[in-house]
Amino acid sequence: MNTAATATSTGEAVQFWILGIVAVAGALATVLMKKSVHSALSLAGTMIVLAVFYLANGAYFLGIVQIVVYTGAIMMLFLFVVMLVGVTAADSLKETLKGQRWLAGLCALGFGILLIAGIGNASLKEFTGLGQANSGGNVEGLAALVFTKYVFAFEITGALLITAAVGAMVLTHRERTERAVTQRELAERRVRSGKQVPPLPAPGVYARHNAVDVPGLLPDGTPSELTVNPTLRARGQIRDVSGTALRELAALEQRAQEWREHGRSEDAKGAGK
Amino acid sequence: MENLIGLLVAAPLLGAAVLLCGGRRLDRSGPWVGTLLAAVSFALAVALFADMLGRSGEERTLTTTVFSWVPVGGFRADVGFQLDQLSMTFVLLITGVGTLIHLYSVGYMEHDERRRRFFGYLNLFLAAMLLLVVAGNYLLLYVGWEGVGLASYLLIGFWQHKPSAATAAKKAFLVNRVGDMGLSIAIMLMFTTFGTFAFGPVLEGAGQAGEGKLTAVGLMLLLAACGKSAQVPLQSWLGDAMEGPTPVSALIHAATMVTAGVYLITRSGALFDAAPTAQTAVVTVGAVTLLFGAIVGCAKDDIKKALAGSTMSQIGYMILAAGLGPVGYVFAIMHLVTHGFFKAGLFLGAGSVMHGMNDEVDMRRYGGLRKYMPVTFVTFGLGYLAIIGFPGLSGFFSKDKIIEAAFAKGGTEGWILGGAALLGAGITAFYMTRVMLMTFFGERRWQPDADGNAPHPHESPKTMTVPMVILAFGSVFAGGLFAVNDTFLKWLEPVTGHAHGNPPVSALTVTAATMVVLVLGVALAWARYGRKPVPVTAPRGSWLTRAARRDLLQDDFNHIVLVRGGEHLTRSLVYVDHTLVDGVVNGTAASVGGLSGRMRRLQNGYARSYAVSMFGGAAVLIAATLLMRAV
Amino acid sequence: MNPVNYLYLAALLFTIGATGVLLRRNAIVVFMCVELMLNACNLAFVTFSRLHGNLDGQIIAFFTMVVAAAEVVIGLAIIVTIFRSRHSASVDDANLLKL
Numbered sequence: 001m002n003t004a005a006t007a008t009s010t011g012e013a014v015q016f017w018i019l020g021i022v023a024v025a026g027a028l029a030t031v032l033m034k035k036s037v038h039s040a041l042s043l044a045g046t047m048i049v050l051a052v053f054y055l056a057n058g059a060y061f062l063g064i065v066q067i068v069v070y071t072g073a074i075m076m077l078f079l080f081v082v083m084l085v086g087v088t089a090a091d092s093l094k095e096t097l098k099g100q101r102w103l104a105g106l107c108a109l110g111f112g113i114l115l116i117a118g119i120g121n122a123s124l125k126e127f128t129g130l131g132q133a134n135s136g137g138n139v140e141g142l143a144a145l146v147f148t149k150y151v152f153a154f155e156i157t158g159a160l161l162i163t164a165a166v167g168a169m170v171l172t173h174r175e176r177t178e179r180a181v182t183q184r185e186l187a188e189r190r191v192r193s194g195k196q197v198p199p200l201p202a203p204g205v206y207a208r209h210n211a212v213d214v215p216g217l218l219p220d221g222t223p224s225e226l227t228v229n230p231t232l233r234a235r236g237q238i239r240d241v242s243g244t245a246l247r248e249l250a251a252l253e254q255r256a257q258e259w260r261e262h263g264r265s266e267d268a269k270g271a272g273k
Numbered sequence: 001m002e003n004l005i006g007l008l009v010a011a012p013l014l015g016a017a018v019l020l021c022g023g024r025r026l027d028r029s030g031p032w033v034g035t036l037l038a039a040v041s042f043a044l045a046v047a048l049f050a051d052m053l054g055r056s057g058e059e060r061t062l063t064t065t066v067f068s069w070v071p072v073g074g075f076r077a078d079v080g081f082q083l084d085q086l087s088m089t090f091v092l093l094i095t096g097v098g099t100l101i102h103l104y105s106v107g108y109m110e111h112d113e114r115r116r117r118f119f120g121y122l123n124l125f126l127a128a129m130l131l132l133v134v135a136g137n138y139l140l141l142y143v144g145w146e147g148v149g150l151a152s153y154l155l156i157g158f159w160q161h162k163p164s165a166a167t168a169a170k171k172a173f174l175v176n177r178v179g180d181m182g183l184s185i186a187i188m189l190m191f192t193t194f195g196t197f198a199f200g201p202v203l204e205g206a207g208q209a210g211e212g213k214l215t216a217v218g219l220m221l222l223l224a225a226c227g228k229s230a231q232v233p234l235q236s237w238l239g240d241a242m243e244g245p246t247p248v249s250a251l252i253h254a255a256t257m258v259t260a261g262v263y264l265i266t267r268s269g270a271l272f273d274a275a276p277t278a279q280t281a282v283v284t285v286g287a288v289t290l291l292f293g294a295i296v297g298c299a300k301d302d303i304k305k306a307l308a309g310s311t312m313s314q315i316g317y318m319i320l321a322a323g324l325g326p327v328g329y330v331f332a333i334m335h336l337v338t339h340g341f342f343k344a345g346l347f348l349g350a351g352s353v354m355h356g357m358n359d360e361v362d363m364r365r366y367g368g369l370r371k372y373m374p375v376t377f378v379t380f381g382l383g384y385l386a387i388i389g390f391p392g393l394s395g396f397f398s399k400d401k402i403i404e405a406a407f408a409k410g411g412t413e414g415w416i417l418g419g420a421a422l423l424g425a426g427i428t429a430f431y432m433t434r435v436m437l438m439t440f441f442g443e444r445r446w447q448p449d450a451d452g453n454a455p456h457p458h459e460s461p462k463t464m465t466v467p468m469v470i471l472a473f474g475s476v477f478a479g480g481l482f483a484v485n486d487t488f489l490k491w492l493e494p495v496t497g498h499a500h501g502n503p504p505v506s507a508l509t510v511t512a513a514t515m516v517v518l519v520l521g522v523a524l525a526w527a528r529y530g531r532k533p534v535p536v537t538a539p540r541g542s543w544l545t546r547a548a549r550r551d552l553l554q555d556d557f558n559h560i561v562l563v564r565g566g567e568h569l570t571r572s573l574v575y576v577d578h579t580l581v582d583g584v585v586n587g588t589a590a591s592v593g594g595l596s597g598r599m600r601r602l603q604n605g606y607a608r609s610y611a612v613s614m615f616g617g618a619a620v621l622i623a624a625t626l627l628m629r630a631v
Numbered sequence: 001m002n003p004v005n006y007l008y009l010a011a012l013l014f015t016i017g018a019t020g021v022l023l024r025r026n027a028i029v030v031f032m033c034v035e036l037m038l039n040a041c042n043l044a045f046v047t048f049s050r051l052h053g054n055l056d057g058q059i060i061a062f063f064t065m066v067v068a069a070a071e072v073v074i075g076l077a078i079i080v081t082i083f084r085s086r087h088s089a090s091v092d093d094a095n096l097l098k099l
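Chains as they are written, first to last, in this note's numbering: chain A, 1 to 273; chain B, 1 to 631; chain C, 1 to 99.
One chain only, chain A, in its complex shape (with noise of 0.2 Å):
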């Protein structure tokens, strides 16, 4: 069997150019995408990207596991995040530290630089392959590796996932030092201070506006912000629908009126006839 090759397929050539653009988009869009979900979904795909690199290099088993465990678990743990803490401030991509942008601009493109001359520099003209290595079949060759030569960092990597799933339940974990308020006690609480005695209005909720983003109006038409939920009145996502509405409002009336007119003096000459 040959030892040493200069180049590969010209498939995996066509292949690399085409999904290492993907991956590159991705990652720059990871970057650059202002809302972090966004940034979630561009960051999996590079990572299946990557995972099909994986595979192209030999290394199926971890191209599955890319799949399974970064994409599905991790990415999707992410998800879950940016869900739960929700859209902040943070999101804004307007600098506020002076002179960071240029740092970290000068700074990547000096490291960048300096990487891909350190790999130019390196004589990997020629290369293995991992025909021999694989030959055994790959998912047995790194469990060889594994339960052999690495046994003892696959042992210790085991009580590290321990100590994470631990340690995430301690942090995230919180224990109720004091007895729950009841609901008499909240409602004595809301009477005592008097602020806001009945139960707050419902959203806007109307024939054609069944979402809980819209306010509710008031009898003279203005919106309320204290029907929406407080979680999106602090993401700033109310729709505001009052001049629309009333605008509708005033249209609907306009062309009852214009059918009632029509409509009279159609049934008056109907009548006629």
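Please keep in mind that the hints were generated in silico from the structure rather than gathered at the bench.
Glycine included, C-beta positions come from ideal geometry on N, C-alpha and C.
You may find that some hints are simply not true.
[What the hints assert, rightly or not] Computed spacing ranges between beta-carbons, pair by pair:
1. B/Val584 with A/Gly120: 51 to 57 Å
2. A/Leu109 with B/Thr588: 39 to 45 Å
3. B/Asp582 with C/His87: 49 to 55 Å
4. B/Gly594 with A/Gly72: 30 to 36 Å
5. A/Ala234 with B/Val584: 54 to 60 Å
6. A/Gln183 with C/Ser85: 25 to 31 Å
7. A/Phe147 with B/Gln603: 44 to 50 Å
8. A/Gly120 with B/Gln603: 33 to 39 Å
[Said to hold, decoys possible] Going by beta-carbon spacing under 8 Å, a handful of chain C positions derived as facing chain B:
9. Ala18
10. Val91
11. Asp92
Chains B and C: place on chain A using the hints.
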């Protein structure tokens, strides 16, 4: 007998301890306790003297080591005593005059509330002075030397409620420090030269040591003597020291402590003999001071200050004699002893006058007191005759010998020194006659003081007059007793050695010349103060009088040269300190502070900023790695 | 094509990820960028494995994944905790290091 030497010092020391620590219950008996212990010391001195007379000339020196004081490695300083004829003379003078003055103080300080403390200080002084003269080495002598300085300070400032007394005490202490510095340097030089402090080895080894070193030691010793004995240029404190109670002036600033310098020079005679330059300095200081003091004494209207000038002048004679070498040592000590008698007597007389005159010290407000204070007048008068050198009285014998010895120095030097001593004798006659005439003769000039209390001159109590009478006897006869058959010379010769000087003119001529200037001085004083009435307010006087009233501008000199100079030096040092030293320090601090302020900006607390530096660092590391690979 | 191109891609992705860490303020996005950097490393490991013809590189990449999983769990837990107490996920708001 050796053990008695320690007791000699211990008795007054015990008295000081008892009186100073004893508290109020000793207030009444205190003066008598102090006097008793002084008397005990005197009795011991007499016993030791009798014992000493029982032995022949060579065996008279007693040495004893009480204990080893500072035994450190090769260094060894003992508390040891040496009692020879020289020390014995001093011991007798100190304890004798001391006891008399204790007795006098009982009367003089009768109305003072703090008299217990006063007697404690007096006893402390006696102990320190005795330690000074019986010490067997220079280090122990230094202890006594400092002790008398302390006692002097305490006693000058005894009436500390008077600002002038407190200032005078400080002045005396400070000026004495200058001299003490000289003594300590001299002792250090001795140790480096001879490796010991003991009198015996130092004085015997003086011949072998280099002359340069001996000159240095001699000059330092002279500085010490100048400080303690109020010699030019360190004489300024003595006049102000008269702020102390009069018995103090009599005991410390006339009879004993101020003569410590003479003792020191005489004791170190062997050193000075081997260092002619230092000896020249000594005689110069002596001659200058004897004239200086005499001139100051002529101008002062304060009776005690006039006597202080006289003291300065008389000690100048002693220093002059001591500087003449073996020719003069004996006469220096002889004059010292006679001076101790008559000057103490004069001061006690002055104190008696003040006692009767409501503590008035201005002689222009005395006059005609001989009728009111006969005993004081007679004793003071005998002291006066003794000091001016009236034939047959003490001063005549001792001073005459010094003048003779000064002439015997030979050459121009001898003429200058002899002339100065002779002139000094004339001025002494003048100013002492002036004091005598202004105080006891002429019109009565006293007036009621500001409170309307007119003084009622009266004779002092027995406790005061008895010591005066005894001292007057001493003034009259001591010189004669010493001079007959050269008794004193033979007594002291084994210790100090003696060389007979040959004056260029015969001794009789010198005596005759002395008599002439004496008569001239007295006559001049009579013409100015006896024949004409003395004005109550001092006339403006000539420039010399005005300068002499200001202690010949000594204080002005000190002020301009030392105080102003010191102030300027301090000011410039402060300036250097503020600008240069502080500038460097503050500049360093400011630049570090400024740098830190700028560095602080890097520590802005933003994790992303830190991350940038980490990232930059990683880039630099890669660059370094690549560079190393490339090289 | 030479597999070394995968290394260039890995370097590029790593640099992009690092820049994202420096530029973004949302802790979650920062964390994603860290993951991107880890993945770039993994790609390099896998490529080296192929270049050298042994599986050690893949083993290392495997361990990296495991450690990254643990890190994500803890990291996200920390972010959630911080958000709970400070109502912000901005890394700039956690500037307690500043005096």
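Cut-off 8 Å, beta-carbon criterion: hint that C/Asp92 touches chain B = With Cβ-Cβ at 6 Å, under 8 Å, it holds.
task = Kindly confirm whether 39 to 45 Å is satisfied by the beta carbon distance between A/Leu109 and B/Thr588.
result = 40 Å, holds
ask   = Does the Cβ pair A/Gly120, B/Gln603 satisfy 33 to 39 Å?
value = With Cβ atoms ~38 Å apart, the hint holds.
inquiry  = Please check whether C/Val91 passes as an interface residue: C-beta within 8 Å of a C-beta belonging to chain B.
reply    = 5 Å, holds
ask   = A/Phe147 and B/Gln603, beta-carbon distance inside 44 to 50 Å?
value = For A/Phe147 and B/Gln603 the Cβ distance comes to about 48 Å; the hint holds.
message = For the restraint on C/Ala18, tell me whether the closest CB of chain B is nearer than 8 Å.
response = Result: holds, 6 Å to nearest chain B Cβ.
request  = Take the C-beta atom of B/Val584 and the C-beta atom of A/Gly120, compute their distance, and say whether it sits inside 51 to 57 Å.
outcome  = 55 Å, holds
message = Within 49 to 55 Å: is that where the Cβ-Cβ distance between B/Asp582 and C/His87 falls?
response = Given range 49 to 55 Å: holds, Cβ gap about 52 Å.
key: Distance restraint evaluation - A/Ala234, B/Val584, Cβ atoms, bounds 54 to 60 Å   = For B/Val584 against A/Ala234, whose Cβ atoms are near 59 Å apart, the range 54 to 60 Å holds.
task = May I ask you to test the hint 25 to 31 Å on the CB atoms belonging to A/Gln183 and C/Ser85?
result = 27 Å, holds
query = For the pair B/Gly594 and A/Gly72, does the Cβ-Cβ distance stay inside 30 to 36 Å?
reply = 56 Å, violated
In summary, the structure is inconsistent with hint 4 from the numbered list given earlier, while agreeing with all the others.
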